[in-house]
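Participant: Using the sequences and the accompanying hints, generate a full structural model.
Quick note: the sequence shown, position 5, residue 5 per full-length UniProt numbering, numbers continuous.
One thing to keep in mind: the hints can contain errors.
As the list claims (entries may be wrong) - Calculated pairs, BS3-like style, for lysine-lysine (alpha carbon to alpha carbon, straight line, at most 30 Å):
{"id": "1", "residue 1": "K131", "residue 2": "K3"}
{"id": "2", "residue 1": "K229", "residue 2": "K178"}
{"id": "3", "residue 1": "K156", "residue 2": "K193"}
{"id": "4", "residue 1": "K109", "residue 2": "K131"}
{"id": "5", "residue 1": "K191", "residue 2": "K275"}
{"id": "6", "residue 1": "K51", "residue 2": "K253"}
{"id": "7", "residue 1": "K243", "residue 2": "K51"}
{"id": "8", "residue 1": "K206", "residue 2": "K229"}
{"id": "9", "residue 1": "K187", "residue 2": "K131"}
{"id": "10", "residue 1": "K156", "residue 2": "K187"}
{"id": "11", "residue 1": "K278", "residue 2": "K195"}
{"id": "12", "residue 1": "K205", "residue 2": "K156"}
{"id": "13", "residue 1": "K54", "residue 2": "K278"}
{"id": "14", "residue 1": "K257", "residue 2": "K247"}
If you are wondering where the hints come from, they were derived from the structure by calculation, not from laboratory data.
Fair warning: this is a prediction, and the values are worked out from it, not measured in the lab.
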Amino acid sequence: MNKIGLILEGGGMRGIYTAGVLDFFIDKNIEVDLVVGVSAGGCHAASYLSKQYKRAFRTNIDYLHDKEYLSFRNLIKTGSIFGMDLMFNKIPNELYPYDYETFNKSQSKFTVVATNCETGKAEYFQLKDMKKDIMYLQASCSIPMFANIVEIDGYKLVDGGVSDSIPIEYALNQGCNKNIVILTRDKTYVKSKVKFLSLVKRKYKKYPKLVKSIENRHLNYNKSLNLVKSLEEKEEVFVIRPKSPVKVSQVEKNKDKLIALYHDGYNDAKDSYEKIIKFINK
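Facilitator: See the structure below:
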């Protein structure tokens, strides 16, 4: 029997491409057995699993020029460039209510990836109750240098992209024999070495294993990417990715660029619909 996995990489504001793909999935009622989200991929997965069409899009676009949402003022004031209280408390509970009930009824398992500061390794957390577990989603989005370390249940955590940007091996180990991978970079992309390593070393001197993981991030990312490409050639994974290089930054504030990238995601999924269904049912 097939077990379908959905793997969503991060990328900050580039993740709006993923939001477009997932809105098409909501439209067509495409469901999977396991969703593994990293950083922004995890955030957009949350709206997919609550079946709230265009929620991920709106929560990105509507607050774009709110200084509390994304600003260097935030970084100076709170230690995080993204407004964590706005994103993980005010928006889901007041401004754009999250459908916790639908999420809790979902048959799909939902796992987010975060990086353990003390070991430098990936941790995988299953979110069963979004209200209780949302802090793990925040941890998955806490970009080193641009967000605070999140402390939960004895863990000290940062962005999952540091240790496992494309968790294809995790999905395979969970028994998913068919995986749909949504990437936020085009086919030509290869990750290069981290810049400003000296600043990273200074900020995280208490966490040498985290520093090592940040230093090696490009190696781990490219290894996962090569595995995805090799499985794609064997038709063992189905990949949806932008067709051309993405000119959107991790902290992009240009609304037109973001809207265009969202539509790219939706249309790329739409164009692949018949192939996706064939892949799932094969």
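Participant: Would you pick out the hints that fail for this structure and give their numbers low to high?
Facilitator: 8, 9, 10 and 11
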